[in-house]
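Trainee: Place chain X on chain C using the hints.
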Amino acid sequence: MIKFSRYLLVAVGILVASIVIPSLYWTIFEKVPRSPNTFFSCVTDDFVVVEGSSRKSPEGKEYTNEEYEKILPLMFYRQLIADGTMPDSLKGVKLEMPAISRASSFYRYTPKKIDTPVPSLWPMFESQSGKVNLVMPEDYFRIGKRMEFIVARTNRINEEKSVLFTDAMTAEGFAFPAGIVAGLPTTRKSCDEGYFVTDSNGSLFHIKMVKGQPYVARIETPEDFDIVYIEAVDIRSKEFYCYIFTANQGIYLLMDEVYDLQRLPVDGFNPAIHSMRVSADLFNKSIHVYGENWYEAIAVDDRYEVVGTHGDRWENLYERSEGKMFASIFPFEIRTKDDNSAHVRFYFLPSPGYRWVIVNLVALAIAFLMIRKRGWPVRSNIPDLVITGLTGIYGLIATQFFPNKFNKFKPPVKK
Amino acid sequence: MFKSIAYKEWIKIRLVVWVALGLGLMALINIFLKVRHDILFVDAANYWYSFLFRGFTYFGILKFFPFVAGLAIAIAQYFPETVNKRIKLTFHLPVSENGVLISMHLFGALVLIGVLLTILGLFTAGSAIFFPGEIIRASLLTMMPWFLGGLATYFLVALILLEPMWIFRGLYTAVAAGFITIFLASAPIGSFRPVLLPLGLITLLLAGVVLFSGYRFRKGEM
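Residue numbers (our numbering), protein chains in the order written: chain C, 1 to 415; chain X, 1 to 222.
With the rest of the complex left out, here is chain X:
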């Protein structure tokens, strides 16, 4: 069952996933070409210095990547379902309605996590060529809220898209925007460390909220 749902979802989102992955890779190539170039020009010691003591981040262009990826995958996956209320067909299958929605959502989330982890992994590997563990750890710590934010974006956009009433879509969007802003607030390198655990927990719990608007959809809220 999960396999066939996964296949159906994959058809919807594959183009977006490949584009997101491609954009992420391009961003990474850009980052490391620039690091290499700058190190040649200003010397590695000075380049490290600007990171350690001037708060210069070489990975700034990745900041909105997880947000855009989460948004795009959520739209690709759930927007077609809302056109003519197509998701009703899924809900009419002789299987648990929540189960179908959970499977869809799980697959989308896993694909998004896969994309984000790929980019993070390649980023770590690339950074290891130029930087010591301290700088890589601080960089990952700084990027962590952005990547968590990408995941939270996916969960909340799914919630908003499946909500049947426009007024509530607007209200959810207001809350979602306020929440996602927390992840993307500008802050010094590594300063998100104390808040990562609560943010991570909330994000994890948000995985299930799509059931709420799914329920409202099924019950025919207009």
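So here's chain C without its partners, still in its complex pose:
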């Protein structure tokens, strides 16, 4: 029991050491990684790569600051208007401020969005109140065995409204409970489009409240459509309602009013590890997919046909000098937080390669010498040596912090 207590303490020591020491290491040594940025120019119909203060075409042609602003007129229109160099039209389209700002939108997806605690209560707004401003409702809904509205002031269920909505959903074939509920639970949006909800069979529904009455629509989806994440957006162009991410069939847009699904021309997107950015302007949308150390930019026109692609990769953490040094010293590290998740877990990150073996052997030798120096029998310290050999510096620290002195004294037998 006492020996077990010690090994437990050693284990906790290793856990703490493998969290604290690497985090200290990264704080001291981590350098800013490369992060090139690209924009799609509607003037050159090609990408502009921005990195630090350099702006160039994918072929390597450098742009001056003025040239850079000129080939991205939809991004820098305020500057160009101030300079008097804003073109009147482009590709036969008149460049007017309201049209430019209506067409521009920006969206960002990160894997954190699917691995995060989700709220289970949502406000249902009145989507056609006839008023300009949206009003926060007094109740919140949840979709369990049925749809229930809970009035916040009294903390009680509004039975009438709950039955009304549940019946409307059942009539459309909704299989309770809900899976994903996605909407924009804020009054600071241009209009309300309610919620996009998957049921327990994975079917997709659009649910909103129109003049106090439920509006429920079933949305046709392809077979085996495995939705993992939906994000509703409020874009000024009102082109689509939301982004839909599937496990392995790619990313879709749910088009406004018609409920058509438009697939984005992105292949091999894994929502669990890849990030995405979509920036739209009057002519194009540019979709950036980011992996750990690479990105792929895809520009599409207004019919979602690919008009250009560009990609780049850079050294990942363990290919850079500070990462190489880390992997030569530490066999692994444990983090409680991860970039791809909002949850706290023990993330075990083994160091790539086997260069850490040398440091582990040194740690083992030190442990061995210390045992010899103290005159402890090596045999009863074999577990400590094994622990040190496997966990390197962490094990050396932990086994020294909690001394193994069971061999020196013989505990008197007492009943």
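FYI, nobody ran anything at the bench for these hints, they're computed from the structure. All values reported here derive from a predicted model rather than from experimental measurement. Here a beta-carbon is modelled for each residue, glycine too, at the ideal position from N, C-alpha and C. A few of these clues could be false.
[As the list claims (entries may be wrong)] Examples of chain X residues lying across from chain C (beta carbon under 8 Å, computed):
| id | residue |
| --- | --- |
| 1 | Trp48 |
| 2 | Phe59 |
| 3 | Ile61 |
| 4 | Leu206 |
[Unchecked claim] Here are the simulated DSS-like cross-link-like pairs (lysine-lysine), alpha carbons at most 25 Å apart as the crow flies:
| id | chain 1 | residue 1 | chain 2 | residue 2 |
| --- | --- | --- | --- | --- |
| 5 | C | Lys3 | X | Lys88 |
| 6 | X | Lys219 | C | Lys373 |
| 7 | C | Lys94 | C | Lys61 |
| 8 | C | Lys3 | C | Lys373 |
| 9 | C | Lys3 | X | Lys63 |
Mentor: Frame of chain C, contents of chain X only:
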């Protein structure tokens, strides 16, 4: 036997226990008076909204309560034993040394768990007046690491106090501080859910580690 040990331990820690319980109750009264006040002023729907979508927690002042309670009870229980090495008297009783220590520790842990559960229970009951099950569950999930951390604090502080050598007290404290920090890391509501089981298991196992320094104490490490 356990009864008399429990009585001896109770005499040592009762003042601290009542103070901890009193502080916890005051914190709860503060929490719910504030909730009531804020709901009157900003409307319940908006108050729920800030919890659900803005990550506002109404129970933040309870965060360090379990830590302080665990620390205080451990100190009250074990510090007097280290003055002039009084615990040696206990170890000289004609009973199993480990058994005595386990009884002492079990009693202290049960009292601490009692205090923590009382506060958690009253918190749940109070929350049920104002909030639906979803918000209460998410709140308890968010508080769970803090309360587990309080228990772990008690176990580790007992270990540190009974350790006879100052140098090792320092080293244990370093490990304990690193470990307790995990429980108290700031994180969004409910984000500790996946790590609660491993943390709970480690905490449960830590209940026995006081035997380690108890053993070193008995064997006269200096």
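Trainee: Each hint needs a verdict: does it hold in this structure or not?
Mentor: Hints, one by one, checked against the model:
no., hint, result
1, Trp48, "holds, 5 Å"
2, Phe59, "violated, 16 Å"
3, Ile61, "violated, 21 Å"
4, Leu206, "holds, 7 Å"
5, Lys3(C) x Lys88(X), "holds, 21 Å"
6, Lys219(X) x Lys373(C), "holds, 21 Å"
7, Lys94(C) x Lys61(C), "violated, 29 Å"
8, Lys3(C) x Lys373(C), "holds, 22 Å"
9, Lys3(C) x Lys63(X), "violated, 34 Å"
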